[in-house]
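Fit chains B and C to the given chain A structure using the hints.
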Amino acid sequence: MSARDYPLQLDGADVPMVRFANVTKRYGTLTVLDALDLDISANEMVSIIGPSGSGKTTVLRMLMTLEEIDDGVIYVDGTPLTHMAQDGRLVRANAAHMRKQRSNIGMVFQHFNLFPHMTALENCMEAPVQVLGLTKDEAKARSLELLAMVGLADKKDQHPSRLSGGQQQRVAIARALAMRPKVMLLDEVTSALDPEVIGEVLNVIRQLNSEHNLTMLMVTHQMGFAKEISDRVCLFYDGKIEEQGPPQEIFGSPKKERTQQFLSAVLEAG
Amino acid sequence: MSYGDFLAVHGTRFLSGAIITAEQTVLAAVLAVAIALVMGLMRLSGNVLIRGVSTVYIEIFRGTSLLVQLYWIFFVLPLFGIPLEKFTAGFAAVGMNLGAYGAEVVRGAIQSVPRGQYEAALALNMSPATRMRRIILPQALLIMLPPWGNLMIELLKGTALVSLISVADLMFEAKQINATTFLSIQAFGTALVIYYVMARFLITPFMRWLEVFMARKMGRA
Amino acid sequence: MFDWRWDFAFEIMPRLLWATLNTLLAAGIGYGIALVLGLVFALAQRTRFASLTFIVRELVEFIRSTPLVLQIFFVFYVGPQFGIRLSPWTSGMIAIGLHYAAYLSEVYRAGIESVPRGQWEACWALNLSAGRTYFRIIIPQALPASLPGMGNYMVGIFKDTPMLSVIGVTELMHTANALGSETYRFLEPYTLVGVIFLAISLPTAAGLRWFEAWVRRSLGMGR
Numbered sequence: 001m002s003a004r005d006y007p008l009q010l011d012g013a014d015v016p017m018v019r020f021a022n023v024t025k026r027y028g029t030l031t032v033l034d035a036l037d038l039d040i041s042a043n044e045m046v047s048i049i050g051p052s053g054s055g056k057t058t059v060l061r062m063l064m065t066l067e068e069i070d071d072g073v074i075y076v077d078g079t080p081l082t083h084m085a086q087d088g089r090l091v092r093a094n095a096a097h098m099r100k101q102r103s104n105i106g107m108v109f110q111h112f113n114l115f116p117h118m119t120a121l122e123n124c125m126e127a128p129v130q131v132l133g134l135t136k137d138e139a140k141a142r143s144l145e146l147l148a149m150v151g152l153a154d155k156k157d158q159h160p161s162r163l164s165g166g167q168q169q170r171v172a173i174a175r176a177l178a179m180r181p182k183v184m185l186l187d188e189v190t191s192a193l194d195p196e197v198i199g200e201v202l203n204v205i206r207q208l209n210s211e212h213n214l215t216m217l218m219v220t221h222q223m224g225f226a227k228e229i230s231d232r233v234c235l236f237y238d239g240k241i242e243e244q245g246p247p248q249e250i251f252g253s254p255k256k257e258r259t260q261q262f263l264s265a266v267l268e269a270g
Numbered sequence: 001m002s003y004g005d006f007l008a009v010h011g012t013r014f015l016s017g018a019i020i021t022a023e024q025t026v027l028a029a030v031l032a033v034a035i036a037l038v039m040g041l042m043r044l045s046g047n048v049l050i051r052g053v054s055t056v057y058i059e060i061f062r063g064t065s066l067l068v069q070l071y072w073i074f075f076v077l078p079l080f081g082i083p084l085e086k087f088t089a090g091f092a093a094v095g096m097n098l099g100a101y102g103a104e105v106v107r108g109a110i111q112s113v114p115r116g117q118y119e120a121a122l123a124l125n126m127s128p129a130t131r132m133r134r135i136i137l138p139q140a141l142l143i144m145l146p147p148w149g150n151l152m153i154e155l156l157k158g159t160a161l162v163s164l165i166s167v168a169d170l171m172f173e174a175k176q177i178n179a180t181t182f183l184s185i186q187a188f189g190t191a192l193v194i195y196y197v198m199a200r201f202l203i204t205p206f207m208r209w210l211e212v213f214m215a216r217k218m219g220r221a
Numbered sequence: 001m002f003d004w005r006w007d008f009a010f011e012i013m014p015r016l017l018w019a020t021l022n023t024l025l026a027a028g029i030g031y032g033i034a035l036v037l038g039l040v041f042a043l044a045q046r047t048r049f050a051s052l053t054f055i056v057r058e059l060v061e062f063i064r065s066t067p068l069v070l071q072i073f074f075v076f077y078v079g080p081q082f083g084i085r086l087s088p089w090t091s092g093m094i095a096i097g098l099h100y101a102a103y104l105s106e107v108y109r110a111g112i113e114s115v116p117r118g119q120w121e122a123c124w125a126l127n128l129s130a131g132r133t134y135f136r137i138i139i140p141q142a143l144p145a146s147l148p149g150m151g152n153y154m155v156g157i158f159k160d161t162p163m164l165s166v167i168g169v170t171e172l173m174h175t176a177n178a179l180g181s182e183t184y185r186f187l188e189p190y191t192l193v194g195v196i197f198l199a200i201s202l203p204t205a206a207g208l209r210w211f212e213a214w215v216r217r218s219l220g221m222g223r
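Protein chains in written order, with this note's numbering: chain A, 1 to 270; chain B, 1 to 221; chain C, 1 to 223.
So here's chain A without its partners, still in its complex pose (with noise of 0.2 Å):
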């Protein structure tokens, strides 16, 4: 099925936030996702877990177009992505039409790139004024009730080199928060931190959960958080899903063996 040939539009009563409709993606000769199907309804966190090499983090970033398509369609929000409509056909999206379509996603990095020029507060509110068009004081008050969500309100005259890595992660957390998007991608946010700060990191996202309207979307090495949290968890292996279902299943019980050779070699290295 081409690109073409794909509907313009999701409509209906169950349209996901999220859909990978048939979604490749190679480099050279290597396929990095391979003929990808995955739905991802409003409000459900799902933590995407699997060997290095499996594509995990290739999903997200897809999703933050900062990768190009090879095959297939991803929707947001029943709208294409990666694609949009002309002459009653899908084409390749240009680039005014992924802007439009990419303001509903944020993204958080596994090194954070914080802008290093700026304070934490000017971090927060560079988007939003540049981008969304905000006034400077619509745009502070935005962000200082972000910092202060993240328990980060005293540093938010800081540069970024003074702050730890859990504290720069979480003023990236505030940061894509401020733009306000539906779906919130976490890139392996604690990979790169010190083993003392995982914590408030994590602690920030479980918040983000509880709390807050967003359709999340997690790769991760932290098994037990995977488990704590989402409402689904997916295994990657060589570009597919080999298995997904809810945490208890999947840790608890994992059906395909490549699962439960993972989970075990996880296990043993945790």
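Worth double-checking, as some hints may not be accurate.
What the simulated footprint calls covered on chain B by chain A, stretch by stretch (three residues with Cβ under 8 Å from a Cβ of chain A suffice, anywhere in the stretch; the number is not a length) [said to hold, decoys possible]:
| no. | region |
| --- | --- |
| 1 | 111-119 |
| 2 | 127-135 |
Dumping the calculated BS3-like pairs for lysine-lysine here, alpha-carbon to alpha-carbon at most 30 Å [stated by the list, open to error]:
| no. | chain 1 | residue 1 | chain 2 | residue 2 |
| --- | --- | --- | --- | --- |
| 3 | B | Lys217 | A | Lys140 |
| 4 | A | Lys227 | A | Lys140 |
| 5 | B | Lys217 | A | Lys156 |
| 6 | B | Lys217 | A | Lys136 |
| 7 | A | Lys100 | A | Lys136 |
| 8 | A | Lys227 | A | Lys240 |
| 9 | A | Lys156 | A | Lys182 |
| 10 | C | Lys159 | B | Lys217 |
Footprint (simulated), chain B over chain C, 3 or more residues, beta carbon under 8 Å [to be verified]:
| no. | region |
| --- | --- |
| 11 | 139-150 |
| 12 | 160-169 |
| 13 | 207-215 |
Derived from the structure by calculation, the hints contain no laboratory data.
Cβ coordinates follow ideal geometry from the N, Cα and C atoms, glycine included.
Same frame as chain A, now just chains B and C:
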């Protein structure tokens, strides 16, 4: 005559020459920075034509010598209907020449900004223009300052060539004094020392100060 | 281009090409002097005589911070003040050689400093003489790091030869000036000089990049 007497007699000429040299340097510097920013950014464009224009400019001005460019601008451009007064031709040539080297410095600095910054800006849905203006360029500016320090000294040295189209700069005055007094060591030696002082005790400290100032402004110091 | 006369251009080419050879010769000799003298400057800053290091360091800084064209005048005119008459060629070579020796000494220094400390310690442990240490162990490893700088200055020296025209050396620029004064036509001489410079410097720069990669490969130091 002693060196003291020599300076007493010719000091004002050296001074007026040094002032012209300073003017040439500052004007050429402003031009060079402007050209470097424009050409450096153009060099990174996705558009083949834009990239091509800047590449051609950079290669021509880096591949030929400043003296040749100076003569061409002063003697040949008038034939194309662009007559330039010698003072203008002087700093224009130096500025355009060093702008080409500066463009490569700008380009290198922009490309040194970590990829994660681009990705974070994209994730926040910034347009490419906003991203370059607010996120990438400020960080690149800090990275490019040390190489620019070297370029500024090359710029100062380059202005000495404008004496060859009779602009009354420091070098020109030194030659004049040498022609009338035949005291070459004093004449050229003094000029050398003045250039050295300008480079080591004016330009270098200024650039260092600029580096500290920018770093502090960007919360890095 | 308005008023470009191809017949005149072809007429002056032979003289310009002859001057090009002169230019290349001047650049080559100057560079040769600079290569050796630069190493002397670099090594002189690594002796245990602090005063020597200081003097050489200040000299190198002075030369690098002042215009080459002024240094050329200085060398050319200073001789006669002491009764020594230096020919334009000789003074030009001395001035350019000194100037680029100063630049190259910095390149060498950076290259030498990039060699890991452990190499020096191994030489010390093996009781190698200073000479052997430098010439058989350190400098061969300093070479790949130094090559880009050395290459840049090779092209740079070539482009700086026009400055020799100011003391009458018959290189390209001087010849173009002469042609211009003789015929009152500057367009063709200056443009052709520019073209000749480009025709030599661009391929040379490309060739140097290739050469650097080749040296890195053959010395077994990937990257």
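Numbers of the earlier hints that this structure fails to satisfy, in rising order
Violated hints (numbers, rising): 4, 10, 11, 13; every other hint is consistent with the structure.
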